[in-house]
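> Chains as they are written, first to last, in the numbering used here: chain A, 12 to 322; chain B, 189 to 607.
One thing to keep in mind: the hints can contain errors.
Stated by the list, open to error - Listed next, the in silico DSS-like pairs over lysine-lysine satisfying Cα-Cα at most 27 Å (straight line):
1. A:K223 to A:K318
2. A:K164 to B:K441
3. A:K124 to A:K164
4. A:K164 to B:K456
5. B:K397 to A:K166
6. A:K73 to A:K223
7. B:K456 to A:K73
8. A:K124 to B:K260
9. B:K260 to B:K397
Unchecked claim - Per label pair, the in silico range of CB-to-CB distance:
10. B:T587 to A:Q221: 36 to 44 Å
11. B:G527 to A:E82: 49 to 57 Å
12. B:R558 to A:G120: 35 to 43 Å
As the list claims (entries may be wrong) - Far from chain A, by Cβ distances over 10 Å, these chain B residues were calculated:
13. N190
14. M194
15. D205
16. S224
17. L227
18. A277
19. V451
20. A538
Hints were generated in silico from the structure; no laboratory data involved. Cβ atoms here follow ideal geometry from the backbone N, Cα and C, with glycine treated the same way.
Given next are the chains, with one letter for each unit.
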Amino acid sequence: MSNIVQVNDLSKTYGDQTAVNRISFAIREGEIFGLLGPNGAGKTTTISILSTLLAPNAGEIKIAGYDVRRETARVKEIVGIVPQELALYPTLSARDNLEFFGQIYGLRGRALKARIEEALEIVGLRARGDDVIETFSGGMKRRINLAAGLLHKPKILFLDEPTVGVDPQSRNFIFENVQRLNQDGMTILYTTHYMEEAERLCHRVAIIDQGKIVALDTPHALIAMLGGGVIHIGLRESPNNVIEQVRTFGAVKTAQWADGKLAVQTHNVNAALVGVINAFNAANVPINSLEILEPNLESVFLHLTGKHLRD
Amino acid sequence: MNFLYMTIKDLKILLRDRGAMVNLFLTPLMFIVVLSLALGPTFRGPSDSAIRIPVVDEDQSAQSQQIVDALKAIKGVTTETQITDANAARALTRVDAEDLLRNGRRVGAVIIPRGFGEMLARGETARVIVLQDPAQANMANVVMGVATGVIAQVLGDEAARRGADAFFKSLESVLKQLPPQAQSQFDLKKIQDESVQATRHAAENSLVKIETASVAARRVETPGVYEQNVPGMSVMFLFFIVNYVASSILTEKRAGTFRRLMVAPISKPAILAGKLIPNFLMGVIQLTVMFTIGHFVFGMKLGNDLFALALISAAVALAATGLGILVAAVARSEEQIGGLTTLVILTLCALGGTMVPLFVMPDFMQTLARITPHAWALLAYQDVIVRGLGTLQVLPNVTVLLGFAGIFFALALWKFRFE
Ligand SMILES: Nc1ncnc2c1ncn2[C@@H]1O[C@H](COP(=O)(O)OP(=O)(O)OP(=O)(O)O)[C@@H](O)[C@H]1O
Ligand SMILES: [Mg+2]
Numbered sequence: 012m013s014n015i016v017q018v019n020d021l022s023k024t025y026g027d028q029t030a031v032n033r034i035s036f037a038i039r040e041g042e043i044f045g046l047l048g049p050n051g052a053g054k055t056t057t058i059s060i061l062s063t064l065l066a067p068n069a070g071e072i073k074i075a076g077y078d079v080r081r082e083t084a085r086v087k088e089i090v091g092i093v094p095q096e097l098a099l100y101p102t103l104s105a106r107d108n109l110e111f112f113g114q115i116y117g118l119r120g121r122a123l124k125a126r127i128e129e130a131l132e133i134v135g136l137r138a139r140g141d142d143v144i145e146t147f148s149g150g151m152k153r154r155i156n157l158a159a160g161l162l163h164k165p166k167i168l169f170l171d172e173p174t175v176g177v178d179p180q181s182r183n184f185i186f187e188n189v190q191r192l193n194q195d196g197m198t199i200l201y202t203t204h205y206m207e208e209a210e211r212l213c214h215r216v217a218i219i220d221q222g223k224i225v226a227l228d229t230p231h232a233l234i235a236m237l238g239g240g241v242i243h244i245g246l247r248e249s250p251n252n253v254i255e256q257v258r259t260f261g262a263v264k265t266a267q268w269a270d271g272k273l274a275v276q277t278h279n280v281n282a283a284l285v286g287v288i289n290a291f292n293a294a295n296v297p298i299n300s301l302e303i304l305e306p307n308l309e310s311v312f313l314h315l316t317g318k319h320l321r322d
Numbered sequence: 189m190n191f192l193y194m195t196i197k198d199l200k201i202l203l204r205d206r207g208a209m210v211n212l213f214l215t216p217l218m219f220i221v222v223l224s225l226a227l228g229p230t231f232r233g234p235s236d237s238a239i240r241i242p243v244v245d246e247d248q249s250a251q252s253q254q255i256v257d258a259l260k261a262i263k264g265v266t267t268e269t270q271i272t273d274a275n276a277a278r279a280l281t282r283v284d285a286e287d288l289l290r291n292g293r294r295v296g297a298v299i300i301p302r303g304f305g306e307m308l309a310r311g312e313t314a315r316v317i318v319l320q321d322p323a324q325a326n327m328a329n330v331v332m333g334v335a336t337g338v339i340a341q342v343l344g345d346e347a348a349r350r351g352a353d354a355f356f357k358s359l360e361s362v363l364k365q366l367p368p369q370a371q372s373q374f375d376l377k378k379i380q381d382e383s384v385q386a387t388r389h390a391a392e393n394s395l396v397k398i399e400t401a402s403v404a405a406r407r408v409e410t411p412g413v414y415e416q417n418v419p420g421m422s423v424m425f426l427f428f429i430v431n432y433v434a435s436s437i438l439t440e441k442r443a444g445t446f447r448r449l450m451v452a453p454i455s456k457p458a459i460l461a462g463k464l465i466p467n468f469l470m471g472v473i474q475l476t477v478m479f480t481i482g483h484f485v486f487g488m489k490l491g492n493d494l495f496a497l498a499l500i501s502a503a504v505a506l507a508a509t510g511l512g513i514l515v516a517a518v519a520r521s522e523e524q525i526g527g528l529t530t531l532v533i534l535t536l537c538a539l540g541g542t543m544v545p546l547f548v549m550p551d552f553m554q555t556l557a558r559i560t561p562h563a564w565a566l567l568a569y570q571d572v573i574v575r576g577l578g579t580l581q582v583l584p585n586v587t588v589l590l591g592f593a594g595i596f597f598a599l600a601l602w603k604f605r606f607e
């Protein structure tokens, strides 16, 4: 598979605040690529730059071989965007909205009509097409928001947190839409701060925090980093001899001391847990806190950044 | 032609916005009706209800007093011997009378020069001067006739009196037949014929020689109540479009639809044009509706040059739209837009003569008004509908309005942020 998006050393600052800090990644044609990170991580900024909306301070971006800064017009034709906000005209009907967004992409006449119906069909809202957006539920608005990004059949679709504030039913609907579009050949860049979404949808995930990519791999491989799970033990001081002892346990992969916390990667949390606690008891070292990280992307994020995805 | 689709889209949004429609169309109509009913009487010009004749008695003799009294006694004619100046009344002077004519407030005046009484006593021919505005020759002849008749009466010249009596009867009967406000529709031909005859007749026999002097009015007409209020309120509420231009841009930015536009293959100028044209069209439609209703419902005159009106409307609508984009470029929030537009619109409206007519403002205020597009638009409109001027004469005002639009756009482009 070739790379449809190639990002090298991309940086963006707002005043003296660095929103994106020298990130590099590539998206392969035909994949669903996730950008997972907490609020303010730089996801929207990255998408905005990739979709020609913002100029970066530094870095090189190619989309389908076109330079985003120099060959803007070409890039615009290839890219579709579903903004994080509900970017719709609330007092117009769904069809009027789609008609307008189709028109600004150069669609006219019958082709436009056909595309509007197709897009409404994809998001399952044909029956409500003539209703005014204001009268839609949050989830339905999100679905029209998605439809508006699909009209010109983009090769690559940027979805910026498309499920924020959505009921489970609409969320499932959007998931299925995204998967179907992808199966039909569309490359997708999907940002989210929900680890379940990234795990379930994305072929590969870049974990982003404070403008930096801290890990990039398939969800499976990322979770495998944690092995059978991680135990975080809070301690007052580093008891080197106990740590050495813990490292010899069969169920333990590694044990790292940092920031008043011992992070124990295991092959199996349950098998390791009793032994580890016993070791500290025997050495008379008091345990301040104990946290068990299940093997999932949330834990990976916590493990890598020391923070939770959602505060 | 993407901006065309943006135009259609924005017009759809605006037309569905009931609040906007009420603000742009119903509110100004309501204001026109209320203000016109309330202020109607103050607009009825001095010569509407009665012919007002300033009388300057420089002689202050018994004979001159007799003439003044006789003038005062005439029905249908109001004589003015005093003027209120800085809230104190004082005797009218020749200079005052000339000013009144020059400002188009009166069409004629009678001056009794110093020495009038003495000359009469000595049996010499005394002089009375009638000032008249040559542009208002017909009306001035009425004044002339009045003066002649009165002098004849006072001097007891039988022949002259008979002529004058005949004249006055006809004048009075003519006046009575007319609605009080329809001064311009006097059967002046008849009055003129009568008065000329009477004048000639009297002059032959009189001891008094009546001389005439011309004082041309600078601007003869002032607007009637609808000629003031329809353009005034239309221009005032036209500028409410500023609010809609600015908030529609800000709303798009906040809702994220502006992002969609920016990401789509449309150029930035096309995006701005797409925000500008619909609101410009709305402004032109608004002005057209107001003037149409003003004409057909309120009987406002439209003048002789509809093209000139269209030109002024287009220019002022462009200026209003430009101001809207400028506000959008400067304001950072809905609250700022609300505050800015209220301040700017109302200040400009008040200064620009849309609320208080320019012609009642003191001179320095009339000069100050020229910093607003409103004043330029209003004066141009009134040149056409009140003074009967045409396209050529309003071109300077139209140019100034386009200048305002140009400055607003330039500043807006300089400050506008597409992000
Ligand atoms: N227009 C702007 N001006 C100044 N700072 C900005 C601007 N837009 C974003 N930032 C800052 O840049 C950083 C990254 O913001 P960004 O919107 O890209 O984050 P995000 O990952 O999309 O967050 P979220 O999940 O909340 O949408 C944040 O610290 C934010 O405050
Ligand atoms: Mg975001």
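> Each hint needs a verdict: does it hold in this structure or not?
Structure-based check of all given hints:
1. Annotation: proposed proximity of K223 of chain A to K318 of chain A holds, straight-line Cα distance about 14 Å (limit 27 Å).
2. Restraint check for K164 of chain A and K441 of chain B: the C-alpha separation of about 24 Å stays at or below 27 Å, so the hint holds.
3. Taken as a hint, the K124 of chain A and K164 of chain A pair is honoured in the structure, with Cα atoms around 14 Å apart against an allowance of 27 Å.
4. Proposed proximity of K164 of chain A and K456 of chain B is supported: the alpha carbons are some 23 Å apart, at most 27 Å.
5. The hinted pair formed by K397 of chain B and K166 of chain A fails the criterion: a straight-line CA distance of about 100 Å is larger than 27 Å.
6. Of the pairs offered as hints, the one joining K73 of chain A and K223 of chain A holds, with about 19 Å between alpha carbons and a cut-off of 27 Å not exceeded.
7. In summary, the hint linking K456 of chain B to K73 of chain A is supported, as the alpha carbons are separated by about 23 Å, within the 27 Å threshold.
8. The suggested pairing of K124 of chain A with K260 of chain B is violated, with an alpha-carbon distance near 82 Å, which exceeds 27 Å.
9. Simply put, K260 of chain B and K397 of chain B have alpha-carbon atoms about 21 Å apart, close enough for the 27 Å limit, and the pair holds.
10. At about 56 Å, the beta-carbon gap between T587 of chain B and Q221 of chain A misses the expected band of 36 to 44 Å.
11. Take G527 of chain B and E82 of chain A: their Cβ atoms lie about 43 Å apart, and the range 49 to 57 Å is violated.
12. For R558 of chain B paired with G120 of chain A, a C-beta distance near 51 Å fails the hint of 35 to 43 Å.
13. Non-interface call for N190 of chain B relative to chain A: violated, since the shortest CB-CB distance, roughly 5 Å, does not exceed 10 Å.
14. The beta carbon of M194 of chain B is not kept farther than 10 Å from every beta carbon of chain A, the shortest such distance being approximately 8 Å.
15. Taking the minimum C-beta to C-beta distance to chain A, about 7 Å, the non-interface status of D205 of chain B is violated against the 10 Å cut.
16. Consistency note on S224 of chain B: stated as away from chain A, and its beta-carbon is indeed over 10 Å from all of that chain's, at 34 Å minimum.
17. No Cβ of chain A comes within 10 Å of the Cβ of L227 of chain B; the nearest lies about 38 Å off, and the non-interface call holds.
18. Against chain A, the non-interface label of A277 of chain B holds: every CB pair exceeds 10 Å, the least being about 61 Å.
19. Some Cβ of chain A comes within 10 Å of the Cβ of V451 of chain B; the nearest lies about 5 Å off, and the non-interface call is violated.
20. The claim that A538 of chain B is not at the interface with chain A holds, since no C-beta of that chain comes within 10 Å of its own (minimum 33 Å).
Violated hints, in rising order: 5, 8, 10, 11, 12, 13, 14, 15, 19; the structure is consistent with all others.
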